[in-house]
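**Student:** The residues making up each chain are set out below.
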Amino acid sequence: MSSSQQPNLRLERFKAVAGSQNSILLSVLIALAIIFTLAEPLFFSVATAGNILTDWGSIVLLAAGQTLVIISGGIDLSVGGTLAISGVTSAWMMTTILGFDITTTGPDAYPPLIVGGLTAVGTGLAVGLVNAFLINKLRIVPFVATLATMGATLGFAIIISNGMPIGGPNDFSLISPINPTWMPFSWAVVGVIIVVTTVGLFLHRSRFGLHTYAIGSNAFAARAAGINVERHLTKVYALAGALAGLAGFYVYLRLGAGSPSSGVMRELDAIAAVVIGGASLMGGVGRMMGTVIGALILFTVQSGLIMAGVAPDWKKVVVAVLIAAAVAAQTLRPQNRAR
Amino acid sequence: MSEVIYEVKNVSKRYGSVVALDGANLKLHAGEVVGLVGDNGAGKSTLVKVLSGAHMPDDGQIFLDGEKVSWENPRMALEAGIETLYQDSGLAPNLTVSKNVFLGREITKKGILGKMGFLDSKAMEEKAHAELERVGIAVPASNRSVSQLSGGQRQAVAIGRAVAWARKVIILDEPTNHLGARQAGEVLEVIKEAKKKGLGVIFISHTLPHVLEVTDRIVVLRLGKVVRDAPTSEFTGDTLVGTITGTIQTIPEEDR
Numbered sequence: 001m002s003s004s005q006q007p008n009l010r011l012e013r014f015k016a017v018a019g020s021q022n023s024i025l026l027s028v029l030i031a032l033a034i035i036f037t038l039a040e041p042l043f044f045s046v047a048t049a050g051n052i053l054t055d056w057g058s059i060v061l062l063a064a065g066q067t068l069v070i071i072s073g074g075i076d077l078s079v080g081g082t083l084a085i086s087g088v089t090s091a092w093m094m095t096t097i098l099g100f101d102i103t104t105t106g107p108d109a110y111p112p113l114i115v116g117g118l119t120a121v122g123t124g125l126a127v128g129l130v131n132a133f134l135i136n137k138l139r140i141v142p143f144v145a146t147l148a149t150m151g152a153t154l155g156f157a158i159i160i161s162n163g164m165p166i167g168g169p170n171d172f173s174l175i176s177p178i179n180p181t182w183m184p185f186s187w188a189v190v191g192v193i194i195v196v197t198t199v200g201l202f203l204h205r206s207r208f209g210l211h212t213y214a215i216g217s218n219a220f221a222a223r224a225a226g227i228n229v230e231r232h233l234t235k236v237y238a239l240a241g242a243l244a245g246l247a248g249f250y251v252y253l254r255l256g257a258g259s260p261s262s263g264v265m266r267e268l269d270a271i272a273a274v275v276i277g278g279a280s281l282m283g284g285v286g287r288m289m290g291t292v293i294g295a296l297i298l299f300t301v302q303s304g305l306i307m308a309g310v311a312p313d314w315k316k317v318v319v320a321v322l323i324a325a326a327v328a329a330q331t332l333r334p335q336n337r338a339r
Numbered sequence: 001m002s003e004v005i006y007e008v009k010n011v012s013k014r015y016g017s018v019v020a021l022d023g024a025n026l027k028l029h030a031g032e033v034v035g036l037v038g039d040n041g042a043g044k045s046t047l048v049k050v051l052s053g054a055h056m057p058d059d060g061q062i063f064l065d066g067e068k069v070s071w072e073n074p075r076m077a078l079e080a081g082i083e084t085l086y087q088d089s090g091l092a093p094n095l096t097v098s099k100n101v102f103l104g105r106e107i108t109k110k111g112i113l114g115k116m117g118f119l120d121s122k123a124m125e126e127k128a129h130a131e132l133e134r135v136g137i138a139v140p141a142s143n144r145s146v147s148q149l150s151g152g153q154r155q156a157v158a159i160g161r162a163v164a165w166a167r168k169v170i171i172l173d174e175p176t177n178h179l180g181a182r183q184a185g186e187v188l189e190v191i192k193e194a195k196k197k198g199l200g201v202i203f204i205s206h207t208l209p210h211v212l213e214v215t216d217r218i219v220v221l222r223l224g225k226v227v228r229d230a231p232t233s234e235f236t237g238d239t240l241v242g243t244i245t246g247t248i249q250t251i252p253e254e255d256r
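Protein chains in written order, with this note's numbering: chain R, 1 to 339; chain X, 1 to 256.
Please keep in mind that the hints were generated in silico from the structure rather than gathered at the bench.
Don't take every hint at face value.
Said to hold, decoys possible - Here are some of the chain R residues that sit facing chain X, going by a computed Cβ distance under 10 Å: (1) F202; (2) R205; (3) R207; (4) G209; (5) Y213; (6) A222; (7) A224; (8) V285.
Unchecked claim - Stretches of chain X that chain R covers, calculated by requiring three or more beta carbons in the stretch to come under 8 Å of a beta carbon on chain R: (9) 70–82; (10) 90–97; (11) 107–118.
C-beta atoms are modelled at their ideal positions from N, C-alpha and C, and glycine is treated no differently.
Based on the sequences and whatever the hints tell you, model everything.
**Tutor:** Here it is as C-alpha cells:
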C-alpha cells in the first residue's frame, strides 16, 4: 500500500505512445507498404488501396465481432460459416422469394436489398444466439460450441443453395456499392468503417465494453460485482453473429450472388487479424483499432505478394510470422513478464 | 449490544454427496466484528458464498434487518448493502483501479450517451481516488491497471472498494493473505474503522492472532457445523486452535 508515485510523466507518456500496440502495428503496415512498393512500384496506387480495402471490408466485420468474443475470454470459430449461410439466405430471400432480378438498378433495387440485408443480419444473429445457448445453457466451451455451429452453418449453406451460388449473373450495375466510388473508398467500405467504429466506441467507452473486458479478465470477479455474465455473453455472441451476417451481405454485394463456399476458412483470417492486432486469447486484452490495422496488414501482405509476383502461398507463411511476432511481442512486454 | 443486522439460521448446503454446511447458524450485530474460523474444508467458503449471494443454501433462512431474504445472485446481496471481498480473486487485473472500484456500478455520462451506457471515466477516476482515501488506504493512481500493482496494493484496492460501498455488512475472506506485517496492520485498522461506522464485519482468516486482535466474537466451524460461538475474550490462542482442530471438546450445537 505504497503512496501514489509521480514518475517522469513526459517520459512515461512518450514510452506509452511509442510502445503502444497501435504505433507498432502502423509501423509494420507502413514498412510493408514500402517493401512492396520497392518490389513493385505499381503497388503504390489508389487502385491497390481500393482492392485492399474491398477485401478488408468483409474480414474486418468478422474480426470486429471476434475482437469482442476474444476479449470476453471466448472464441468464435463459426463466423466464417455464419458469413456463408447469411449470404446464402439473403440471396435466397431476394432471388427466390422476392423474385429480385440481379440486373435491377436504381430505386427499384433498394427494397429487396434492404430485405436481403436484414435477412443476412437476422441469420447471423440467430447463429450467435445458438452459440450463446450452447455456451451458457449447455455449458459447452466456446471452442467446441462454435466448432459445432461452424460445421452446421457451412453444411446448411450448401443444403439451402444446393451447393450452387444463388443469384448472378454478375452485373456490375448492381454491385456498384462495392466499387470504389470515391477512390479508394466504396459505399460498402464506408458503411463497414461506420459499423466498426460504432462497435469500437461501445467496446472502449461504454458499460457494455467494460463488462466485456471484466468478464474476460476475471469472470468470477465480474459475477461477484453483480454482472450477469451469461446474459452479457449472450449479447457478445449475438453481436458477433450479427456482424458476421452483415459480412455475408457484404460478400453477396461483392459477388452479386450468395455463395456457400464464401465463408470457408474466413474465421481463421478474422482470428489472425485480432491476434496480430494485439488481443490475447486469454481474454481481457485487445483494442478495436489493433484489429482494424491487423486486418489491413493481412490484405496488404496478400496484395503485395501477388503484385510482386510471389506465389500466393507465401501469404500464409508471412501471416504465420506476423502472428508469432505479435504474440511474442505481447508476452515479452515488461509488465506481462513481471507476473 | 445493538440489534442483529444479518443472520443465517440452520443453513445447509450439499455438493452432490458432500455436506459442506450442516445446519449452521450465525448472527451479526451492527458495529460488531465476527471472526469465522475453521480448518480447510470446515465450510467457511461455502458459508461466505451463502452470505454473499453467490450460492443459494439447500435449507435454512437468511434474515437482513430482521426480514427474511433470499439471494438468487450476488447482485441482490450487493444491492441490499452487503459487500464481499473474495479471497484472491475479487479484481479484474486488466482493468484500471477506478474501473474495478466501479465495476457493476458504473457512472455514465449525462444525457443520451449515458442512456446508451457510455461511461464517465473521469468522474469514476476522481471518485474512486476520493473514496479509497476516505477509507484510509493510500492507493496508487486510479488510472493504473490492477495487473501493474503489487499484491498488497491489489488487496488494498479490493478492501477499499468493499468498505466504500458497504452499507450494512462487509464479508472479508482472508483479507490479510499475502500481506506483510505493516500492510496487515493497516487492514486491521480499516476493519476497526468500519466497525466504528456501525457496519457489521465478518472476518475470515487463518491468521489467528489477527482474529483474536480484531474480532468481538468468534464462530468456529468444523465439518460444516458451528461448534463454538463465543466472545473473543473467552478464547486464547491455544484454546482457539484446540477448538478448530477438535482436540478441545465442544458442546454440540443442538444441546446449547
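**Student:** Close enough to count: is the Cβ of R207 of chain R nearer than 10 Å to one in chain X?
**Tutor:** holds (4 Å)
**Student:** In terms of beta carbon proximity below 8 Å, does the region 70–82 of chain X have 3 or more residues touching chain R?
**Tutor:** holds (count 5)
**Student:** For the region 90–97 of chain X, does the count of residues with a C-beta closer than 8 Å to a C-beta of chain R reach 3?
**Tutor:** The restraint on the region 90–97 of chain X holds, since 6 of its residues have a Cβ under 8 Å from chain R and three suffice.
**Student:** Please check whether F202 of chain R passes as an interface residue: C-beta within 10 Å of a C-beta belonging to chain X.
**Tutor:** For F202 of chain R, the interface hint holds, since the closest Cβ of chain X sits about 8 Å away, which is under 10 Å.
**Student:** Let me know if the C-beta of A224 of chain R comes in closer than 10 Å to any C-beta of chain X, holds or violated.
**Tutor:** holds (5 Å)
**Student:** Would the stated hint for Y213 of chain R survive a check requiring a Cβ distance to chain X of less than 10 Å?
**Tutor:** With a closest approach of 6 Å, the Y213 of chain R hint holds.
**Student:** So, as I understand it, the hint says R205 of chain R touches chain X; can you test that by seeing if any CB pair is closer than 10 Å?
**Tutor:** Interface hint status for R205 of chain R: holds (5 Å vs cutoff 10 Å).
**Student:** Under 8 Å between beta-carbons, do enough residues of the region 107–118 of chain X, three at least, approach chain R for the coverage claim to hold?
**Tutor:** That given contact holds, which follows from 4 residues of the region 107–118 of chain X lying within Cβ reach (below 8 Å) of chain R.
**Student:** Using Cβ atoms only, decide whether V285 of chain R comes closer than 10 Å to chain X, and label the hint accordingly.
**Tutor:** holds (6 Å)
**Student:** Would you settle whether the hint for G209 of chain R is holds or violated, based on the nearest Cβ-Cβ distance to chain X being less than 10 Å?
**Tutor:** holds (8 Å)
**Student:** Quick check on A222 of chain R please, does its C-beta sit within 10 Å of some C-beta on chain X?
**Tutor:** Holds, because the Cβ-Cβ distance from A222 of chain R to chain X comes to roughly 7 Å (cut-off 10 Å).
In the structure shown, no violation is registered for any of the earlier numbered hints.
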